[in-house]
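Asker: First to last, the sequence lines map onto chains A and B.
In case it helps, the working numbering puts the first sequence at residues 1 to 431.
In case it helps, the working numbering puts the second sequence at residues 432 to 761.
Do not rely on the hints blindly, as some may be mistaken.
So these bits of chain A aren't anywhere near chain B, every CB distance computed over 12 Å [stated by the list, open to error]:
| id | residue |
| --- | --- |
| 1 | Met1 |
| 2 | Gly39 |
| 3 | Glu195 |
| 4 | Leu204 |
| 5 | Pro205 |
| 6 | Arg393 |
Okay, the calculated beta carbon distance ranges per label pair [to be verified]:
| id | chain 1 | residue 1 | chain 2 | residue 2 | range |
| --- | --- | --- | --- | --- | --- |
| 7 | A | Trp186 | B | His564 | 45 to 51 Å |
| 8 | B | Gly623 | A | Pro68 | 57 to 63 Å |
| 9 | B | Ala538 | A | Pro383 | 48 to 54 Å |
Keep in mind the hints are simulated off the structure, nothing from the lab.
Every residue gets a Cβ at the ideal spot worked out from N, C-alpha and C, and that includes glycine.
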Amino acid sequence: MSIVVKGGHLIDPANGVDGEHDLYIDAEGFVAGVGQAPGGFVAERTIDATGMIVCPGLIDLRARLREPGLEHKATLESELKAAVAGGITTLCCPPDTRPVIDTPAMAQMIQSRAWRFGYAFVHPLGALTRDLEGKLLTDMEALDDAGCVAFTNALAPVIDTLVMRRAMEYAATFDLVVFLHSEDPWLRANGCCHEGEVAARLGLPAIPEAAETVAVARDLALIDQTGVRAHFCGLSTARAVEMVAEAQRRGLPVTADVTAHHLHLTEEDIGDFNTQCHVQPPLRSRRDREALRRGLADGVLGAICSDHQPHEPDAKLAPFSESEPGISGLETLLPLTLRLVQERLLALPQAIALLTHKPADILGLESGRLGVGATADVCIFDPNERWRLSEDRLVSRGHNTPFLGTEFQGRVRYTLVGGRLVYEADKPAGG
Amino acid sequence: MTQRLQFDDNGRLKHFLTIEGLSRRTILQILDTAKSFISVGQREIKKVPLLRGRTVVNLFFEASTRTRTTFEIAAKRLSADVINLNIATSSTNKGETLLDTVRNLEAMHTDLFVVRHNRSGAAHLIAAHVPPHVHIINAGDGSHAHPTQAMLDMFTIREHKGDFAPLRVAIVGDILHSRVARSQIHALRTLGVAEIRVVAPRTLLPTGVERLGVVPYHDMRAGLEGVDVVMMLRLQRERMTGALIPSPQEYFNLYGLTPEKLRCAKPDAIVLHPGPMNRGLEIDSAVADGPQSVILPQVTNGIAVRMAIMALILGGSADNARGRRAEDAA
């Protein structure tokens, strides 16, 4: 169906577009015109975007969909619906499913199932080592052919430094990207929150800053030696941001991202054992949060991701250290990012870039752009609408978020994937 | 948050989870009530009918002798029906969640749970999920809080020292893992003592401990200089294997309370220990059994303090509890 998105304010940072332009989408699902209808264009449907922002669909570098293996938490279908409700049209699925994404068959199975539902695009992240055990390398080149956009050991550490070196060397051979969750497992030990004031007060096992910096330092040394294209996931400390900035200045091929919640919450939000604030890496001090925000504004951190981890309610109904870490974040990725604009940390096009073409560049994807000929993955949101996050509003099966009850400004009204309208606010997804 | 959880809509204490957030007035009220209960234990018939018909469940997910026993005696002296459950090795091993265990027991019409658990925040979690008529007393959660222990320590200090304001207090030992220390610090701060010192090597002090309002010392003699109260903590033997301290000998030499080190404190300083003691590790027998030790009175006081807290929580306000007790006695 050909569609015209009329009257909206189009922001397409990759193409330097920031103004009132109508967007023309052809029946094949590609952008046919920006500002001007191509010759002979007949719109079968008109979306009135007056007063709204029209931008490329969001790209989320990390979202757990829980399928296969953890369907009691969520399913591909439930979470992909939640993604498009949050304006996300492309997401990367970490390999820590059960079984692990360490074979081409697993990678293809997830993509074909996702394809069948037809909401957001799913790109698997392949396992860096078999079964994420940190011992044997996976068939990375075959996984790459099967659609894996990057390789990672997810939250499982690669303890053996030699294995990490080999994994990086092998990935570098084929110019594959490695995603790193750098955390020293010994310094982390049984920790569950930042080593600081709150851990001291609550008597919770703590994770020191050095758990991150020691591992980032090790990994940077190996990146330096192997030349692999590496991406640090979800940095949490001020010092680690400095280390990555320094490496970038030296010309190392490294990028990094931050989760939306680390830009807003600190250890203090744990309050009295609020398990919804149990995340990995942990929420850290105010000083760390300010450094993450600065790193984002300065460009050291190149993307904001949801790090979506939906859980069943019981996962959080346990003593803090026994509760499962993670936040259901797909539907708050855009609102939390817009809040950074409202707080004047970022300009709106800059914020949108961090959710669209910048993460696409990290993955080497062409999406996240709305030039003529691009796939029409589009997010249309009302930047002024105020709304409150409530459980009955969440599309994700995971209701585990510390932002329940929070008022946000800015809400997704329409999401298009490949030129198809897959989400319309106040209508059931897929309507 | 604790404020909301510990108090009911009328601002009355509903659960006893942590000292943090309690007012000076509430703490003193508990100490006063406890004082009035001391005499019950000295009578021939050691019972008051204050909690007659109420059911108290001692829910211990972690081994304990002293604390469980004193809670049991306290509840029985208040005429409550008491059930002791040691869950450390039963339900949770069968995959039952903590809240399921509690819900099952609550279905048996329990009025009060006394909970001990090895995870910080367990008592908070339970308190947040029980129906309004069920009360929770925290008998120790992980490294977080042991508020009834701190209350009996305050009671003991008050018995011996009277006014809290001029006191200098040293807490010695494994502060990092100690729920007792954290509760003591909150209680002492709220009662307005002149100074709280914590004495330990850096491996046994939490990062950012100063922000709890205490002054860290690494040299025990300097830390004890001129103090009125020395509060010793139990050192778990497993701290050695965790590379937190090198050996029992080194620990005893540096942080064991010997008569010689105790001489740095004021001559009339008192020595407390929450028990069970490791003689020859954190405390020398000569001190434990010496004239400045108030370790056994602590245990006796523990019963009266726990009676006061149960009465306060189950019987309404402390004034109310005292009133009813007086009526019962009449």
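Asker: If a hint holds in the structure, say so; if it does not, say that too.
Answerer: Here's how the hints hold up against the structure:
1. Met1: Holds: least Cβ distance 49 Å, greater than 12 Å.
2. Gly39: holds (63 Å)
3. Glu195: violated (5 Å)
4. Leu204: Violated, since 5 Å does not exceed 12 Å.
5. Pro205: The claim breaks: Pro205 of chain A does not keep its Cβ more than 12 Å from every Cβ of chain B (closest is about 8 Å).
6. Arg393: holds (23 Å)
7. A:Trp186 - B:His564: 45 to 51 Å: holds (47 Å)
8. B:Gly623 - A:Pro68: 57 to 63 Å: holds (59 Å)
9. B:Ala538 - A:Pro383: 48 to 54 Å: holds (51 Å)
When held up to the earlier numbered hints, the structure conflicts with 3, 4, 5 and fits the remainder.
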